[in-house]
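The hints should help you fit chain D onto chain E, whose structure is shown.
Number of protein chains: 2
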Amino acid sequence: MPRSKIVVDTEEPPASGRARLLEATSQVMRAADSLEVPLSDIAAKAGLNAALVRYYFGGKDGLLRALLERDAGASLAELDHLLEMDIRPSKKLRYHLAGLIGTYYNFPYLSRLMIKLLHEGSEEERQRIADRFLKPIARAYEVIVAEGKAIGEFRNIDPKLLYFNVIGTCDHLFSSSVSLKYCYGITEVDDALKRQYIDQVVTIFLKGVLVDGA
Amino acid sequence: MPRSKIVVDTEEPPASGRARLLEATSQVMRAADSLEVPLSDIAAKAGLNAALVRYYFGGKDGLLRALLERDAGASLAELDHLLEMDIRPSKKLRYHLAGLIGTYYNFPYLSRLMIKLLHEGSEEERQRIADRFLKPIARAYEVIVAEGKAIGEFRNIDPKLLYFNVIGTCDHLFSSSVSLKYCYGITEVDDALKRQYIDQVVTIFLKGVLVDGA
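Protein chains in written order, with the numbering used here: chain E, 7 to 220; chain D, 7 to 220.
Note that these hints are calculated values from the structure, not bench results. Errors might be hidden in some of the hints.
Which copy is meant is left open, so a pair is good if it fits within one copy or across any two.
Claimed, not checked - Calculated pairs, DMTMM-like style, for lysine to aspartate or glutamate (alpha carbon to alpha carbon, straight line, at most 20 Å): (1) LYS187 - GLU148; (2) LYS141 - GLU126; (3) LYS141 - GLU130; (4) LYS122 - GLU42; (5) LYS98 - GLU153; (6) LYS187 - GLU90; (7) LYS98 - ASP205; (8) LYS66 - GLU42; (9) LYS166 - ASP205; (10) LYS97 - ASP164; (11) LYS97 - GLU148; (12) LYS155 - ASP205; (13) LYS166 - ASP196; (14) LYS187 - GLU126; (15) LYS213 - GLU159; (16) LYS122 - ASP39; (17) LYS97 - ASP196; (18) LYS213 - ASP164; (19) LYS66 - GLU131.
This structure is a prediction, so every number in the text was calculated from the model and none was measured.
Looking at chain E on its own, in the form it has when it is part of the complex (with noise of 0.2 Å):
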């Protein structure tokens, strides 16, 4: 029997090359704890050649904002369905605050990739990326900080600073995780520490922004 019937016979079917090409962006940025990873280190990962970046992407550009939308796609999608929930203000954010560093577990890239894309290619291209990966959190957090006024359950918080403030502290432990190695020796945000991690943040958060006894 040619090897090749294996294959053909696994009842999953292979991940297309497009989605093999982020899954091994993603790897590679990981593992490299940057997003300054050579195109050839990912081909390799992905076990395709690296003209299939052009083919499907248009080249590295294309291949990082794709993998933009891969990650911060499903985040988008849950945020808007949260600020529909009918719940305190309070909890939105607690939820919010979990989810993020959720995110940024899973993809510890994340906030510099969104940044870096920010710096790169043409000013609409930019205006693009903030149009539909920044502007619908910041929304948020305009919706959550109006109705938690509204009802007196948070204090007077600005919601444009409060989204550097929530998206600085969530991803910190991430984007410096090399701090984390070299200062603690702590070599890997597992998921115990992760989860320590969100009850700090959500405890800051939760008395920094509601109104005291609230």
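For chain D alone, coordinates are given in the frame of chain E:
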């Protein structure tokens, strides 16, 4: 009168080549909002030959390490001083937060520079950077949190995670100022915005870290 006479007569001595290269690097990085700046731009800004970078610093790596020392050294000395002061832990945290945001306001590339240098060079060099610039901050958080818990002023906060909470929050407005531009149309963090940011960060962290009613 020859022109050179005028220079000789000025009361302030001209900055050394070393100091001029450091200041030029700082200005070029700030203007580019990036660490990836060519030596030729730095030399042009300093009005000096790029070969002097090798003479004074041994190369670009040495230049970057010297800039980190120039920019972070004073803040570390202030932190030492703060620890010695006979004030409540909550006040130490408040002063530290304001000082840190002030440092990032002056040197918006500083946190990124630190992370970059922890990724580069020999293992020994990376550890030296961490020992010099990270561990004093980590130790300060341990001391302040221990003092705060001992007198019942702080809740049960983990100082190691507080490090990432604080650095991430204080830095993000500066390392992600490109988000401020494309998301909010604000092209510069001016003094008023910096003060507003300090107020909000101090509020969130003091309410977040202190026990209720402290």
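Hint-by-hint comparison with the structure:
1. LYS187 - GLU148: between (36 Å within a copy, 17 Å between copies)
2. LYS141 - GLU126: Only inside one copy: LYS141 and GLU126 sit 18 Å apart there, 34 Å across copies, limit 20 Å.
3. LYS141 - GLU130: within (15 Å within a copy, 42 Å between copies)
4. LYS122 - GLU42: Both, since 11 Å and 12 Å are each at most 20 Å.
5. LYS98 - GLU153: Result: close within a single copy only, 10 Å intra versus 33 Å inter.
6. LYS187 - GLU90: neither (40 Å within a copy, 28 Å between copies)
7. LYS98 - ASP205: For LYS98 and ASP205, the Cα distance is within 20 Å only inside one copy (15 Å; across copies 24 Å).
8. LYS66 - GLU42: both (11 Å within a copy, 19 Å between copies)
9. LYS166 - ASP205: Only across copies: LYS166 and ASP205 sit 14 Å apart there, 23 Å inside one copy, limit 20 Å.
10. LYS97 - ASP164: within (18 Å within a copy, 23 Å between copies)
11. LYS97 - GLU148: Only inside one copy: LYS97 and GLU148 sit 15 Å apart there, 30 Å across copies, limit 20 Å.
12. LYS155 - ASP205: Close across copies (18 Å), not inside one copy (24 Å); limit 20 Å.
13. LYS166 - ASP196: For LYS166 and ASP196, only the inter-copy Cα distance (15 Å) is at most 20 Å; the intra-copy one is 31 Å.
14. LYS187 - GLU126: between (30 Å within a copy, 14 Å between copies)
15. LYS213 - GLU159: Close inside one copy (11 Å) and across copies (14 Å); limit 20 Å.
16. LYS122 - ASP39: both (14 Å within a copy, 11 Å between copies)
17. LYS97 - ASP196: Neither: 25 Å inside a chain and 33 Å across chains, both beyond 20 Å.
18. LYS213 - ASP164: both (15 Å within a copy, 16 Å between copies)
19. LYS66 - GLU131: Result: close within a single copy only, 15 Å intra versus 32 Å inter.
Going through the hint list in order, the structure does not satisfy hints 6 and 17.
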